[in-house]
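For the protein sequence lines, the chains are B and L, in the order given.
Take any residue in the first sequence, note its place counting from 1, add 4, and you have its number in the working numbering.
Take any residue in the second sequence, note its place counting from 1, add 5, and you have its number in the working numbering.
In case anyone wonders, no lab produced these hints; they're calculated from the structure.
Quick reminder that beta carbons are idealized off the backbone N, C-alpha and C, glycines included.
Wrong hints could be hidden among the right ones.
Stated by the list, open to error - Pairwise CB distance ranges, derived in the manner of DEER restraints:
| id | chain 1 | residue 1 | chain 2 | residue 2 | range |
| --- | --- | --- | --- | --- | --- |
| 1 | B | Leu139 | L | Asp340 | 47 to 53 Å |
| 2 | L | Gly263 | B | Leu139 | 32 to 38 Å |
| 3 | L | Gly263 | B | Thr10 | 55 to 61 Å |
To be verified - Calculated lysine-lysine pairs in the BS3-like style (CA-CA distance at most 30 Å, straight line):
| id | chain 1 | residue 1 | chain 2 | residue 2 |
| --- | --- | --- | --- | --- |
| 4 | L | Lys456 | B | Lys24 |
| 5 | B | Lys9 | L | Lys59 |
| 6 | L | Lys565 | B | Lys228 |
| 7 | B | Lys125 | L | Lys31 |
| 8 | L | Lys159 | B | Lys200 |
| 9 | B | Lys9 | B | Lys94 |
| 10 | B | Lys125 | L | Lys159 |
| 11 | L | Lys565 | L | Lys485 |
| 12 | B | Lys94 | L | Lys175 |
| 13 | L | Lys456 | B | Lys16 |
| 14 | B | Lys200 | L | Lys352 |
| 15 | L | Lys445 | L | Lys485 |
| 16 | L | Lys324 | B | Lys94 |
| 17 | L | Lys175 | B | Lys200 |
| 18 | L | Lys485 | B | Lys125 |
| 19 | B | Lys9 | L | Lys296 |
| 20 | B | Lys14 | L | Lys496 |
| 21 | L | Lys337 | B | Lys106 |
| 22 | L | Lys296 | B | Lys106 |
| 23 | B | Lys94 | L | Lys337 |
| 24 | L | Lys576 | L | Lys175 |
| 25 | L | Lys157 | L | Lys432 |
| 26 | B | Lys228 | L | Lys296 |
| 27 | B | Lys9 | L | Lys445 |
| 28 | B | Lys94 | L | Lys62 |
| 29 | L | Lys352 | B | Lys16 |
| 30 | B | Lys57 | L | Lys456 |
| 31 | L | Lys62 | L | Lys324 |
| 32 | B | Lys94 | L | Lys89 |
| 33 | L | Lys89 | L | Lys565 |
Here's the letter readout for the chains.
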Amino acid sequence: MANSKTVVFKIKRQPTPDAKPHWEEFELPWHSGMNVISSLMEIAANPVTRDGKATTPITYDSNCLEEVCGSCAMLINGRARMACSALVDKLEQPIRLEPFSKFPVVRDLAVDRSVLFEDLKAVKAWVPIDGSYDLGPGPRISMQEQEAAYPLSRCISCCCCMEVCPQFNQDTGFVGAAAISQVRLFNNHPTGAALKRERLAALMEEGGIQECGYAQNCVEICPKDIPLTRSIAEVGGQVMKQAIGDLFRK
Amino acid sequence: MATSPRVIVVGGGLAGLAAVIKIAEKGGNVDLFSVVPVKRSHSVCAQGGINAAKNLKGEGDTTWQHFDDTVYGGDFLANQPPIKDMCEAAPGIIDLLDRMGVPFNRTPEGLLDFRRFGGTLYHRTAFAGATTGQQLLYALDEQVRRYESEGKVKKYEHWEFLSAVLDSNKVCRGICAMDLRSMEVRTFPADAVIMATGGIGAIFGRSTNSVVCTGSAQSALYQQGCYYANGEFIQVHPTCIPGEDKLRLMSESARGEGGRVWVPKTPGDKRDAKSIPTSERWYFLEEWYPKYGNLVPRDVATRAIHKVVYEHNLGIDGKPMVYLDVTHIDRKTLDRKLEGILEIYEKFVGDDPRDTPMKIFPGMHYTMGGLWVDFTQATNIPGIYAAGECEYQYHGANRLGANSLVSCIFGGFVAGPTAVNYARNLKAAPGNGYFDAERKRQEENNATLMKSDGTENPFRLWRELGDLMTKNCTVIRYNKNLQETDAELCKLLERFQHINLSDRSQWANTSVVFARQLYNMLQLARVITQGAKMRDESRGAHYKPEFPERDDKNWLKTTKATFAPDADEPKFEFEPVDISLIPPRPRRYDAVK
């Protein structure tokens with residue numbers, strides 16, 4: 005017997021960055037194991053709307069499809085999350101897909117998130133090694149230190165934490181939780197600590213850590229369960245300490 | 006020529022970024038092209054670890070042993086000197102990554118921890134949880150970002166490589182690329198070009214590879230005159246989670262940490278896995294390969310699973326699946342060492358593998374073949390180099406687990422400095438009209454696709470391609486099927502001439518980009534299929550029941566395909582393998598080697 009169960013999608017379309025967005029509906033045959041990306045692939049193979057109108061395949065970002073590259077972030081039923089791990093059977097229908105609201109739309113569900121990569125430059129999110137030639141092993145690191153660093157280093161730069169942050173907007177220019185958490189990661193590394201002062205100074209500027217309003221949305225939404233609020237608290241403490249020290253040095 | 010050479014690197018995974026770092030360090034300027042922001046490259050998917058004979062477990066491991074395991078694991082098809090160099094460089098590469106801040110797992114003393122992986126009896130694999138590739142890529146990405154902020158690297162992200170720009174002497178003078186947003190086609194001059202464009206999984210439809218791993222760039226270069234070597238060697242990973250959109254990898258590290266593969270001894274056993282007593286489970290890998298057990302190389306494990314499922318009819322519930330079981334390992338160890346992959350299973354399947362044995366099946370994973378390069382990573386076209394999965398050099402007929410990350414970084418570290426030296430000695434080009442000519446050629450390609458008003462949907466053609474290749478060009482190969490596959494590929498190429506793009510806009514048009522990739526996939530699929538057809542033996546991942554033995558007398562040689570533009574198909578020639586260091590011996594994992 006043919007299975008007649010279907011899945012309905014409402015997708016926000018926007019052909020160019022300046023165009024007015026509109027909605028399109030799609031109805032796909034249900035099968036087990038569907039996720040949002042596999043559904044978008046199906047639409048590409050048969051780009052016809054629910055009312056039978058030919059349309060274009062949906063433009064969206066995706067790559068690894070195992071929630072480790074950070075590409076496919078979007079709003080799914082209003083919630084910021086990765087599309088690859090959004091299993092259709094666990095979503096209420098119709099499934100609404102929208103691009104992130106706080107980043108410039110490129111087309112349809114694809115947005116420009118390059119701001120985070122610029123922020124990572126501004127906070128010098130790297131370990132300043134002398135060179136790539138063979139200089140022997142790195143510093144000894146205890147199991148406890150590794151276990152504290154590793155979760156921070158799993159940030160996939162998806163920008164979900166920025167999308168849901170009430171302070172992340174044009175007015176504040178707030179850098180957001182992801183970059184602050186990277187500052188914590190590199191400040192706590194024995195060699196990375198060499199740039200601690202510069203990193204904290206960057207976070208004292210406009211849009212820096214002082215803009216955080218402690219809404220805690222970031223930590224709730226993070227698909228990788230990164231302890232973002234703890235990072236903000238810890239880096240906030242470091243910033244405070246440096247600011248007071250600077251006051252006395254003047 | 007130039008005092009500050011300009012090198013283009015195409016691809017920002019581990020190999021590309023490794024090359025970028027060396028070039029910047031040597032005073033070169035880099036233009037780095039990538040279809041995705043480089044931090045989102047496919048290297049992030051590598052899970053289990055990176056091999057280096059650091060011998061930190063008192064086992065007497067040596068770089069020679071690593072070299073021998075790699076050559077033996079690759080069934081003696083790889084040229085040996087570059088593998089020896091790689092294995093000798095590996096411990097230094099681990100140290101460098103350690104200094105860059107990779108959060109490798111540690112021993113209680115604060116030293117690097119190592120685990121076991123397939124095809125070796127030593128603890129040789131350093132790891133950062135079960136997301137080692139991600140952690141390594143991030144470390145290199147951070148160093149490249151540092152050079153970017155110093156102005157030594159310029160990134161072109163969301164750009165697709167279309168072709169090399171060759172002068173009248175067939176010397177590479179730059180590349181032609183397309184902005185994936187504005188759709189602008191542009192040429193970029195360079196003194197040398199390094200290709201680091203990764204795998205070709207998309208040719209097989211669903212694989213463990215990321216969406217961008219189409220092999221399109223390698224295929225474009227093959228069509229421009231680069232040799233493509235050993236294309237028929239395709240690795241099928243024994244343990245993947247079957248999925249609608251992709252086959253998700255379940256890392257070999259699950260077995261490295263003690264995971265066991267089994268099936269119920271009774272066909273169609275309906276009981277819940279955990280209620281099946283040990284005496285009624287068949288741990289077939291442990292029985293067949295007592296010494297290596299669950300850690301035989303991937304080609305061996307994959308064929309064993311196929312045999313159990315298709316010949317013994319013992320797939321779980323009659324379906325093509327077997328159990329990969331880690332439930333006997335304590336939760337704390339699992340979380341500390343394997344969390345990343347267990348989380349993937351949990352998220353995408355819905356069961357917690359700490360409590361329930363995982364259901365897995367083999368899936369296309371890696372290409373041992375790729376662009377032909379010499380020992381300096383140079384292709385046969387002057388000025389074009391290649392590193393990482395897109396080239397063929399380090400893995401012979403089968404790659405050992407955790408050797409890919411080290412070969413990517415090592416290959417990039419060789420290619421970077423060689424390209425800079427080449428660039429420093431490069432003579433001026435004869436004229437420059439070929440830049441415009443190449444741009445026009447590519448613009449015309451796009452225009453033709455946009456105008457094409459047939460009936461074929463490229464995404465549907467792609468599904469047919471994937472099904473065809475998975476069925477006939479993976480685990481078990483028959484000459485008759487390979488012959489038919491090539492004929493089908495010709496038909497798909499013909500049907501490609503009648504495609505219809507449902508999107509004709511000039512902004513972020515993914516259909517036109519995909520159509521271009523599809524054409525290149527089809528051309529490369531023929532190289533894989535015909536190479537497999539010709540090689541009448543079984544070696545590593547290439548297995549023909551009609552020719553079940555390795556045949557060193559006739560086939561200890563590298564397959565080299567070149568594109569014959571007039572015939573529109575591959576031509577083949579063969580090259581002897583450099584076996585100067587380790588004489589070939591039979592590869593037997595059921596006995597001590």
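Hint by hint, here is what the structure shows:
Checked against the hint of 47 to 53 Å, the pair Leu139 of chain B and Asp340 of chain L fails, with Cβ atoms roughly 33 Å apart. Taken as a hint, the range 32 to 38 Å holds for the pair Gly263 of chain L and Leu139 of chain B, whose Cβ atoms sit roughly 35 Å apart. For the pair Gly263 of chain L and Thr10 of chain B, the supplied restraint of 55 to 61 Å is violated, since their beta-carbon distance comes to about 44 Å. The suggested pairing of Lys456 of chain L with Lys24 of chain B holds, with an alpha-carbon distance near 27 Å, which does not exceed 30 Å.
For the given pair, Lys9 of chain B sits about 56 Å from Lys59 of chain L by alpha-carbon distance, which is inconsistent with the 30 Å threshold. Proximity of Lys565 of chain L to Lys228 of chain B is assessed by CA-CA distance (about 44 Å); at most 30 Å being required, the pair is judged violated. For the suggested pair Lys125 of chain B and Lys31 of chain L, the alpha carbons sit about 22 Å apart, so the restraint of at most 30 Å is met. For the hint pairing Lys159 of chain L with Lys200 of chain B, the CA-to-CA distance comes to about 26 Å; that is within 30 Å, so the pair holds.
Our distance criterion of 30 Å between C-alpha atoms is met by Lys9 of chain B and Lys94 of chain B, whose separation comes to about 15 Å. Taking the CA atoms of Lys125 of chain B and Lys159 of chain L, the gap is near 13 Å; set against the 30 Å cutoff, the hint holds. The suggested pairing of Lys565 of chain L with Lys485 of chain L holds, with an alpha-carbon distance near 22 Å, which does not exceed 30 Å. A hinted pair counts as satisfied when its Cα atoms are at most 30 Å apart, and Lys94 of chain B with Lys175 of chain L does not qualify at roughly 56 Å.
Of the supplied pair hints, the one linking Lys456 of chain L and Lys16 of chain B holds, its CA atoms being roughly 27 Å apart against a limit of 30 Å. Between Lys200 of chain B and Lys352 of chain L the alpha-carbon distance is near 36 Å, which puts this suggested pair outside the 30 Å criterion. A distance of roughly 41 Å separates the Cα atoms of Lys445 of chain L and Lys485 of chain L; the hinted pair therefore is violated under the 30 Å criterion. Pair hint Lys324 of chain L plus Lys94 of chain B holds up; C-alpha atoms about 25 Å apart against a cutoff of 30 Å.
Restraint check for Lys175 of chain L and Lys200 of chain B: the C-alpha separation of about 50 Å exceeds 30 Å, so the hint is violated. The suggested pairing of Lys485 of chain L with Lys125 of chain B is violated, with an alpha-carbon distance near 56 Å, which exceeds 30 Å. Between Lys9 of chain B and Lys296 of chain L, the direct Cα distance comes to roughly 50 Å. Violation of the 30 Å bound is thereby established for this hinted pair. Between Lys14 of chain B and Lys496 of chain L, the direct Cα distance comes to roughly 37 Å. Violation of the 30 Å bound is thereby established for this hinted pair.
Using a Cα cut-off of 30 Å, the hinted pair Lys337 of chain L and Lys106 of chain B is violated, with the two alpha carbons roughly 39 Å apart. In summary, the hint linking Lys296 of chain L to Lys106 of chain B is not supported, as the alpha carbons are separated by about 56 Å, beyond the 30 Å threshold. Between Lys94 of chain B and Lys337 of chain L, the direct Cα distance comes to roughly 29 Å. Compliance with the 30 Å bound is thereby established for this hinted pair. For a cut-off of 30 Å, the pair hint linking Lys576 of chain L to Lys175 of chain L stands: about 19 Å separates their Cα positions.
Under the criterion of a C-alpha separation no larger than 30 Å, the hint pairing Lys157 of chain L with Lys432 of chain L is consistent with the structure, at around 23 Å. As the CA atoms of Lys228 of chain B and Lys296 of chain L are separated by approximately 38 Å, the hinted pair breaks the 30 Å bound. Only pairs whose Cα atoms come within 30 Å are accepted, and Lys9 of chain B paired with Lys445 of chain L is rejected, the gap being roughly 49 Å. Between the alpha carbons of Lys94 of chain B and Lys62 of chain L the distance comes to roughly 46 Å, so the proposed pair goes past 30 Å and is violated.
In summary, the hint linking Lys352 of chain L to Lys16 of chain B is supported, as the alpha carbons are separated by about 26 Å, within the 30 Å threshold. With a C-alpha separation of about 21 Å, the suggested pairing of Lys57 of chain B with Lys456 of chain L holds against the 30 Å cut-off. As the CA atoms of Lys62 of chain L and Lys324 of chain L are separated by approximately 41 Å, the hinted pair breaks the 30 Å bound. With a C-alpha separation of about 50 Å, the suggested pairing of Lys94 of chain B with Lys89 of chain L is violated against the 30 Å cut-off.
Taking the CA atoms of Lys89 of chain L and Lys565 of chain L, the gap is about 23 Å. The hint holds against a cut of 30 Å.
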